[in-house]
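Visitor: Chain by chain, the residues run as shown.
Number of protein chains: 2
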Amino acid sequence: MSLIIVGSMAYDAIETPFGKTDRIVGGSATYAAYAASNFVQPIFQVSIVGNDFSQDEIKELEKRGVDLKGVEIVPDKKSFFWSGRYHLDMNTRDTLVTDLNVLADFNPHLPESYQGSEFLMLGNLMPGIQLSVINQLRQRPKLIVMDTMNFWMETALEGLKEVLKKVDLLMVNDSEARQLGGEYSLVKAAKTIMRMGPSYLIIKKGEHGALLFHGNEVFFAPALPLEEVFDPTGAGDTFAGGFMGHIAHTKDISFENMKTAIIVGSAMASFCVEKFGATRLKEVNREDIQNRIHQFVDLVNFDISLV
Amino acid sequence: MSLIIVGSMAYDAIETPFGKTDRIVGGSATYAAYAASNFVQPIFQVSIVGNDFSQDEIKELEKRGVDLKGVEIVPDKKSFFWSGRYHLDMNTRDTLVTDLNVLADFNPHLPESYQGSEFLMLGNLMPGIQLSVINQLRQRPKLIVMDTMNFWMETALEGLKEVLKKVDLLMVNDSEARQLGGEYSLVKAAKTIMRMGPSYLIIKKGEHGALLFHGNEVFFAPALPLEEVFDPTGAGDTFAGGFMGHIAHTKDISFENMKTAIIVGSAMASFCVEKFGATRLKEVNREDIQNRIHQFVDLVNFDISLV
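Taken in order, these protein sequences are the chains called A and B. First residue of the first sequence: 398, per this note's numbering; consecutive thereafter. First residue of the second sequence: 398, per this note's numbering; consecutive thereafter.
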């Protein structure tokens, strides 16, 4: 039940209406690994960091069964750095700083020990990098999932379309789905996107939940209504990590099990937003996660026999 | 299982990105009655119309068990008229014309035969009118549900607060809940609003579904993902009508049954938006409704045993 996670490991500085933090550890692969490690170990991490990346963080990840052989450490450069400020609605944000640093040269080489992995999560990266990872795997994983963003649709659409042909499931947010699918209706956009390659599509709608499409089937998972969203950074990556962790743990890639995986991902994301960065993800234990998942059951459960 | 519905019966002219219609029958009480009449009869309608209101529409409503004794017909005036244009997102709209006409003088007098009704739905009207209807009922209904809007929060807040003290359930949309509760977080806004009187609160989020709050409990019902929303006019009133119809039919005002009622309301609303005005609501039969409700079951159902 081996899972490869490819993405950024980075530093973020975040401002929200509730507070402000200086450099804290972030990055799509970091969030995904913290979430997934609750369900499956080892996790084969693929990323790149600079000389400034915290040794404590590396130890913490290793303790959770995250294998960092695939994480390149560049001795004379700094890690990717992003800084942003969230608006009051917590759904929109301004990017203040983007320092690519080591990420500008990211050209991953998969360690030989990662070969044969059954599950692959491609975090949001330049499509060429995502394709390179797929091509390096001698045996195709059972399930390849990818994230992407509007930036690549605008600057690298052809490359993005190449990757889409090779993956099973695409995860994007609602505005990205509308942009990629060229339709305002998410149902229509989903159909167009699935014709580009992936037979599964997850559309993330933040506080409004997530939709899973496959053929003519659709499943909806709500987000947990929270009193306070403290910091939404990493929620999408945490969702992806929880989703992949559950899939890799169960080794079941049926539509039915993907529904459950979305609930697991949503539960993990609901923890993520409770504190800055990945702080909360490091605190929760198996019991907390089980309790949170049961809150989702209560949230949507109704008695059809009453109709 | 008698249900009183109070609200407007009107004419609308609607423009959407998909088309345009001249005067068609609308109004909160019209939509609510069409929806509720699938589940419960008679419906005791309370409204006011002018000399222009269609006799065919009156016959159609009567055929569906809607008792119109409480609908005042003003011989020398016209019915309430609203005209609006929807934006591409179908969530926002511009009002082009609001001609109050007969609605300016609406001062309902409940027919004696309406006394003893067990369920009361107060559509969005001036709070004073809503209060007057409550006060006219010699026996308090088992469940009083009300709708309102931001306009009354801005122009008649004190009156609105008086009504809120006397109702069991308030239905508003998300921006109205934020305005009334004075909190951006819907969970926090819900708690504030429930302290104003209603022990149940439904927050309608349009294409993003609806939330039901009661004490510390919360239930979420999705909206059905549709290829096309043709005309959202009346969707909220149709939702209210389906909700009340199910409650009045089952006579069960438990939280558990309210969950099911929200699904019924959501199913009815999903029909409403498929065509202009109430057109689609007049076409669907009991089997269509059952099938639609089962689509909601499929939409949110997942297997927790897989976790």
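If you are wondering where the hints come from, they were derived from the structure by calculation, not from laboratory data. Note that the coordinates shown come from a computational prediction; the quantities given were computed from them, not determined experimentally. Treat the hints with caution; some may be incorrect.
Chain copies aren't distinguished; within one or between two, either way the pair holds.
[Stated by the list, open to error] BS3-like, lysine-lysine: derived pairs with alpha carbons at most 27 Å apart:
no., residue 1, residue 2
1, K585, K417
2, K672, K460
3, K563, K539
4, K563, K672
5, K585, K602
6, K679, K588
7, K672, K588
8, K456, K562
9, K563, K474
10, K539, K474
11, K585, K672
12, K456, K466
Visitor: Name the hints, by number, that the structure is in violation of.
Guide: 4, 6, 8, 9 and 10
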